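Trainee: Please take these sequences and the hints and turn them into a complete structure.
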Amino acid sequence: MKNATQGDVVKKGVFGRLADFFDDRTGYRALMHDALYERVPGGARWRYVWGSTLVFAFMTQVITGLFLWASYSASAQTAWESVYYIQHEMAGGWLLRGIHHFMAQAMVVLLALHLLQVVIDGAYKAPREVNFWLGLILMMLVLGMALTGYLLPWDQKGYWATIVATNLAGIVPGIGPSLQQLVIGGSEYGHHTLTRFFALHAGFLPGALIVMLVVHLALFRKHGLHAKQPITKPDAMFWPDQVLRDAVAMLAVMAVVLGVILVPALKAMLAGEPVDVGHLGAELGAPADPSLPYAAARPEWYFLFLFQFLKVFEGWGATGEFLGAIVVPGLIMGVMFLMPIIGNWKLGHRFNVAFTLGIVAGAGLLTAMALNEDYYAVWVDKAALADAQKLYDETGGDEEKLAAALGGDKAKITAMEAKWEKLEKIRHSQAFLDASKQAKLDAARAIELAGRPEKIPPAGMLELVRTDAKSQGPRLFAQHCASCHAYVDPQAPEAASVLAKASAANLHGFGSAAWMRGLLDPDQVAGPAYFGNTAHKDGDMVNFVQNDLTDADTWKKDDIEAVIAAMAAEAGLPGAKPAEPAVAKGRELIASDERCGSCHRFRDNGADLGTACDLTGWGSRDWLVGIIVDPTHERFYGDTNDRMPSFGKADEGSLAPLTRAQIELIADWLRGEWYRP
Amino acid sequence: MAQQHRPVVHPADSRRGFLAKALSIITGGLATLAPVGAGVWAFLDPLRRTKAAASYLPVTELAAIPDDGVPRQFPVIADRVDAWTGFAAEPIGAVYLRRAKGSETVEALSATCPHAGCFVEMESTGKCFRCPCHNSEFTLDGGIVAPSPSPRPMDALECRVAKNGEVEVKWQKFRAGVADKVEQ
Ligand code: FES
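Sequences listed follow chains B and L, in order. Going by the working numbering, 313 is the number at position 317 of the first sequence; the sequence numbering is gapless. Adding 30 to a residue's 1-based position in the second sequence gives its number in the working numbering.
If you're looking for bench data, these hints aren't it; they were derived computationally from the structure. None of the values given here were measured: they were computed from a predicted structure. Honestly, I wouldn't trust all of these hints.
Unchecked claim - With a Cα cut of at most 25 Å, we get these calculated BS3-like pairs of lysine-lysine:
hint	chain 1	residue 1	chain 2	residue 2
1	B	K466	B	K573
2	B	K307	B	K415
3	B	K421	B	K378
4	L	K51	B	K8
5	B	K397	B	K408
6	L	K51	B	K229
Mentor: Right, here's the structure in full:
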């Protein structure tokens, strides 16, 4: 006997003996056996995989989350920046972040499926009530992690969605405001909002989740699997029969997540386009900017039904929000918690199933409604509403005028009003679509800027965005200039209609030879793109262009072209290369007191200021800034200035409409001077 | 429980059981590979980042270094990139510069201690250098004063004076704790 034992030991080899050593001291074999050899009544089934896929999804989040943590920096000046770095500069960062982002969404779907299955199969009934409650708590923890994770990139969409979510927390009676202040780490959103959300997202919530999950799984093993009745097939062991099915389901979930990330790359490759991996996977919006409205703000798609649900209570004020955001969801959760007890009644189980399916259907419906409102303008047939639009434009949407226009025909009026309602929906939807498009442009520009060789300034990305002429120029122009000036490419199809609405010159291409050529064109100078809609319509310049410049004896074609070249050279727009001999000749012509110089100051030609604009440096940054600051200055229009405000001049005791920096941004934007990769 | 007595399909040691086990491990492993792989891939990113080659940086004017043989401390200013942030003209370190009486040549010593990288300071007496961390002492020309925790003298840096009198130092870092001066 003794010999035989010794023989065994020799046969076992190093690993066998090592295993024995650890088994003696830990009993791991028995533990493993217990863990793996659980009976699955009625054999392994696909319908049992949901719980395991959820655990797998969570593990994926923990792994990818820890690696993301290794590169993420939670502060208002570094959160966006570090996420940008992960996504666009670190090797594999896009994949890591993509998996984390989309697995979070997969997890919500898997949660819903798991819950549905438990309710439908009646797995919440005695003795599994406590485990069902734990499951509901786990669900809330997962949703909490989704909510807190959404903010962490500190981009526009996360920022504004979080403002809404935390404001809703603030309407809880009594403790609401304090609760809100605690969550956002002060009275303003900033560094501590991020550090707190990060601690919640990566510490408190997953920590609590792990504890709950351990108990959830322990109880699951204690009660055994809730088998689908009736059992017709022989039992199987959890390992490997059910594990195999679980593993296949996990791989399928991962394949879907990877598919979502990689399919765009595949499409691009098939189309022969270059693939920029930074744009694969999770999106990164423009950096959060509290001063920039964000009409495209929407929660993540799985919270869209709540967002839509709140609209049901629109017009009820704070009470409505309290009902929609807290009372009703609270009641629904309450009913879910009571399900194990309700299930004891005769029809209780049927009620539970119906209730759950009702909630799912309701959420689905609300989501569809939300999407329909947002994307209505995409799929509605606009041609069928053309007559309604025309009538709307004619009557200005006035119902009395509508009645008059339709001759008081009641049926027609009702039909037209229904169409007008559709138009209203289109307008709302279009506003969202436009905002989304703008958000995409802003995001792309921010990412372009972050990639400059100088990198991001220490103050953070927002500073760079706010001093970027390309993205800020159009906004400032729209706010301060567009009420008079047009900015439209004269070749664009919509040019005529845009110009018709303008009451000052079209500034598109201002400073270019093309713009100057138009000004010196007798057919255009009094048109809407130049002086046509201004007080200078019958002024000296129009008169000069139409009468003097057309005299081919004094003004040869070459002379005019030389003036154009010289003017373009004054502006010196980026990329413009006026021909040198023409510029020299043009300068002489401009300076000459028999030509332009008879009215215009040009360099040192000695012409008086105050009669016409000083053409020295016309269209240059300095010149543009000067005219925006104060067009009534004698260098520009002097007393003949037509309605243009002095944007940089303040009356005593008040602020100028625009700061110097803003004016410079407008000038740079008009001149096309901004960073290009 | 009654169900415990029902038969079990292919017990653990059957051939089909083996196949299922192998497949489970492979499938599960594949599924886990994606997050772990992506994580490790991103985690190894720092290894891809190579240091920029050492270059001469303007530090000060010749006139700012008194020709009395006593080293003076000067900050080294350069643009610096830290992951996503670009710092323009930031102090990135310090050097000691000195020149002998009437001399036009400047000697430069890195202020980084060759022992373990602390910042070497000038004694208040002005007679020697001392590192505050483990008390390595160096002479004014950087020489080692035995016994010393430091394995080598202070690191001399290449230094040149440009035509306009600007003193430029070749900014380099050397591996700490070894007897040889090897660039990091
Ligand atoms: S680091 Fe200077 S003595 Fe140790």
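Trainee: State for each hint whether it applies.
Mentor: Structure-based check of each hint:
1. B:K466 to B:K573: holds, 22 Å
2. B:K307 to B:K415: holds, 22 Å
3. B:K421 to B:K378: This hinted pair holds, its Cα atoms lying about 12 Å apart.
4. L:K51 to B:K8: holds, 23 Å
5. B:K397 to B:K408: At roughly 13 Å apart (the allowed maximum being 25 Å), K408 (chain B) and K397 (chain B) satisfy the hint.
6. L:K51 to B:K229: OK: K51 (chain L) and K229 (chain B) at ~21 Å, within 25 Å.
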